[in-house]
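*Asks:* Start from chain E and add chain H according to the hints.
2 protein chains.
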Amino acid sequence: MFKENEGARTDISSLGEFGLIDHLTKDFDIKHTSTKMGVGDDAAVIFEKDQHMVITTDLLIEGVHFDLSYMPLKHLGYKAVVVNLSDVYAMNAVAKQITVSIAISNRFPLEAVEALYAGIKTAAKTYAIDVVGGDTTSSTRGLVISITAIGYSKEEELVYRSGAKETDLLVVTGDLGAAYLGLQVLEREKQVFKVNPNNQPDLEPYTYLIERQLKPEARKDVKKLLSDLDVKPTSMIDISDGLSSEILHLCKSSKVGCNIYEDKIPLDPQVISACEEFNMDSTTIALSGGEDYELLFTISVNDFSKIKANPHLSVIGHITNVTEGIHLITRANTKIPIIARGWNSFQETSE
Amino acid sequence: MFKENEGARTDISSLGEFGLIDHLTKDFDIKHTSTKMGVGDDAAVIFEKDQHMVITTDLLIEGVHFDLSYMPLKHLGYKAVVVNLSDVYAMNAVAKQITVSIAISNRFPLEAVEALYAGIKTAAKTYAIDVVGGDTTSSTRGLVISITAIGYSKEEELVYRSGAKETDLLVVTGDLGAAYLGLQVLEREKQVFKVNPNNQPDLEPYTYLIERQLKPEARKDVKKLLSDLDVKPTSMIDISDGLSSEILHLCKSSKVGCNIYEDKIPLDPQVISACEEFNMDSTTIALSGGEDYELLFTISVNDFSKIKANPHLSVIGHITNVTEGIHLITRANTKIPIIARGWNSFQETSE
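Chains E and H, in that order, are what the protein sequence lines are.
First residue of the first sequence: 1, per our numbering; consecutive thereafter.
First residue of the second sequence: 1001, per our numbering; consecutive thereafter.
Next comes chain E alone, as it looks inside the complex (with noise of 0.2 Å):
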């Protein structure tokens, strides 16, 4: 349903490693002074003054991270970069770089390649990005993709997980859950598709839900707006793996408790109908549904009155001491303790 271009069909083997290179970078122009020398040498060259880096990196595996029956490559391209660029938005940095390595098999022809590149080349033009290096193999199956991303941050601004203090109040960008029904739409249209390849699925009611699966954004716009709000977050992390999962990082990390409310937690109205639809508990997708790429934080009590008229924000627990654990306040009032049940690869795959 979702089928790449199969008109053309170059093998990539007539260019040869260093072609191929040559080929896909040769139109990525440089966006920062700060990229001294991009692709071309042993190594890329950086200089940004009395700038902290921060650098972090993601490794994606065909058939664990992602499934080519339902991802354009060119999405899955820009997909690979934001999910990167999130982790350098989540120390409260600024994007600047990356670098790109793709393992391909024969089975990919250049065209392939080329939309995969097509999408990276989309996400560094919106997200302002240098494409500095790399490396291009061969795969005995399958596509890997591994990027690299370097920010930059003045070294008072940075933002760890471990900074969460007792009273500050929880924090969450955008909303939660729909990346993950995204996905459970796509794998059901799959296994209609199987069925009858004739069927014209009705995506309208999830466009949300699949664009927020497909083309997910990472929120490069929150170090400003934090900032223009004149806040700044005590700690802060990415939400690539569901809610649950990176509060009890955040908590370990900050060596505290928290109470998260049921009915504080942002739903789209898509997420809400589509939870019906599969009979699925809404609270559960956005603790444990994952591949949001919002950013979770923690404020100084103080500053709540700067932020709660925000629409991108919304205030949906607070910190507590250690001895009090981590929880869920659910609209009954009960109180449940979270654990985590995020995305685990490892128990996913088999030989």
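These are calculated hints, taken from the structure and not from any lab test.
The structure presented is a predicted model; accordingly, all values stated were derived computationally and were not measured.
All C-beta atoms in this analysis are idealised placements derived from N, C-alpha and C, irrespective of residue type, glycine included.
Certain hints may be false.
As the list claims (entries may be wrong) - For the chain E half of the interface with chain H, some residues (derived, Cβ under 10 Å), not all of them:
| # | residue |
| --- | --- |
| 1 | His65 |
| 2 | Asp87 |
| 3 | Ala103 |
*Replies:* Same frame as chain E, but now just chain H:
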């Protein structure tokens, strides 16, 4: 013949992704004050005042870049780090940090991953490197390793591929061809082992070759060596794909030609004897073998007297005008154009 210890066998999924990362990284110590935050947040944080940063990355795929039937996992971990550091040293920079991402299939028990990390840790200790982050995930098949290395240099000490000038001398460190022959020996023993598993191979005549293949070292020493000799290379590249491939890169970047003299190419006695045994031409092996991780650089002819007595360095040729092309001058004094015959991963595998 080179089997890992198969005694204990702990299922990786029993730890989960975060448990595994904690377990593998818990005793990585931080060696550099520039590493402000290593593993444990959304991103690592680094601050190196007034230095230019170099960054390079490699992606290694089982069945393409390594064969676990004769590459012990500890050696593989070591080599994966060294390969990346070599690129940092080729910029005349000092390597200080790496990130390590791995994807592993369920067929690997925890003990195998521990062996891999033991090699990574040994390399980190030997080369004074901080492991500051990475990603650990599952693969559908085989092992994938992605390493990113970060180094530093004063701007004026960086050496690019592009600085070679006419009349400059071409210099190579160490000797060439041994790693490729080590691979040939190991491949041969693998075939013998298949036929007769009880055969005890006598690898004594090949110790240097096998060590160069299984436990290569990167030329960390060259920056200081050249600094002590008061020589700054005009251009530099590391020899990962074979001398012919690298000389073509260097000449292309510098827009020059060159002559290399066959009788000046440094060869270890074991390379010469193994070439006789395998009926291979030692010059071809040195030019096309790859994986030597020596450095190839150019210096001003005026610096010749400073380096000529150094046992680590061999002058193998000189830079010419670009119109003269790139040639090997044979022992018989004939002039042969050098073409790339280095390693190309896209021609070696099939789906």
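*Asks:* Look at each hint and say if it fits the structure.
*Replies:* Structure-based check of all given hints:
1. His65: 7 Å, holds
2. Asp87: 4 Å, holds
3. Ala103: 5 Å, holds
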